[in-house]
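Asker: Using the sequences and the hints, build the whole thing.
Protein chains: 2
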Amino acid sequence: MLRLSTKGQYGVRAMFEIARGYPDKPISIKGIAERQDVSVAYLEQILNKLKNGGLIRSVKGPGGGYVLSKKPADVSISAILNELEGPVAITSCLDPEEGCVRVDGCVTYMLWKSLGEKIDAFLRTVTLKDLASGTLFKKNLKLKIKNSK
Amino acid sequence: MLRLSTKGQYGVRAMFEIARGYPDKPISIKGIAERQDVSVAYLEQILNKLKNGGLIRSVKGPGGGYVLSKKPADVSISAILNELEGPVAITSCLDPEEGCVRVDGCVTYMLWKSLGEKIDAFLRTVTLKDLASGTLFKKNLKLKIKNSK
DNA sequence: GAATACTTGACAATTTTACTAAGGTATTTT
DNA sequence: AAAATACCTTAGTAAAATTGTCAAGTATTC
Ligand code: FES
Ligand code: FES
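Keeping their order, the protein sequence lines are chains A and B. Using this note's numbering, the first residue of the first sequence is number 1, and each one after it goes up by one. Using this note's numbering, the first residue of the second sequence is number 1001, and each one after it goes up by one.
Source of the hints: derived by calculation from the structure; they are not laboratory data.
Restricting the straight-line Cα-Cα distance to at most 20 Å, the calculated cross-link-like pairs of lysine to aspartate or glutamate (DMTMM-like) are:
1. B:Lys1071 with B:Glu1083
2. A:Lys7 with B:Glu1098
3. A:Lys7 with B:Asp1095
4. A:Lys118 with B:Asp1120
5. B:Lys1118 with A:Glu117
6. A:Lys113 with A:Glu97
Chain B side only, calculated, beta carbon under 8 Å to chain A, not exhaustive:
7. Arg1003
8. Leu1004
9. Gly1008
10. Ile1077
11. Ile1090
12. Val1107
13. Leu1111
14. Ser1114
15. Leu1115
16. Lys1118
17. Ile1119
18. Phe1122
19. Leu1131
20. Leu1136
The beta carbon of each residue, even a glycine, is placed where N, CA and C say it ideally should be.
Answerer: Structure follows, in structure tokens:
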């Protein structure tokens, strides 16, 4: 359950590739497609959204591609997914564009709200730099050791 | 993003209703349907799964319904969702029934794995008793006060 | 002007979701 | 025994979302 769409997944992987060229080497869609095994046409869609969201900028012509707008340490996974799929909203009741008439007195409202906040809080702490440096793996390892004690 | 299906949502709300009859008052599908605004036919499907998973047992005949197998404090949201929709698996790569050939060297694998673990850890801490007592709201409130300090 | 590479919008196949329908079984009450 | 209550099980289905593809652009460089 709670599956993330491929668009979100591919988007993060594409952003990781683009981060590798920061700050001055544009990364082409073709290059990303090859290294991450995703079709060029699909990536076009995804990168376009990220560009409109201001996370990356594009360089046309030969040698062109995409470049990160901010340094990798300042681009969180939350920001990427937010642009591609909107904010975390476990239920339609929590979606700013939908809402729910039962909110008052609904026993599960706070549950899904809290969960959503926890998820986003985590995603805000992880950046493209973390992906590149493997920080996440180390963090996770530390947690496990702590828990098994 | 990361929407939970209505099946999972309704399932939790149904379990909350059933918890109210614990330990000896069976709650009928019809009653749940009325109080939670969900169709009887759909609930039948959902409760059947929960029954097969051993979370509830059924009492047939007039005055019958469903009863929790364990006390509310011992039934976590994680257990309910697990039965209805399987374990948390942010990507197909993390799904025990699917997997992924790219796992080695994939920079996002640990990211989705960690997120999934965090989500499940949270859902394991929340029980039906918490829903009924509003514990969650208080917990959340405390967190907010702490963070705003 | 030829090659490279991003841009945009439409569209189609597939899968998942969110149910409905219908007939059956078990239990209790009268 | 019969009627009423309530769970049990499978099948089907319409709508929505997902997961892409396709084609015809525009801009830049060499
Ligand atoms: S059903 Fe919408 S808030 Fe609970
Ligand atoms: S793509 Fe499957 S593990 Fe990264």
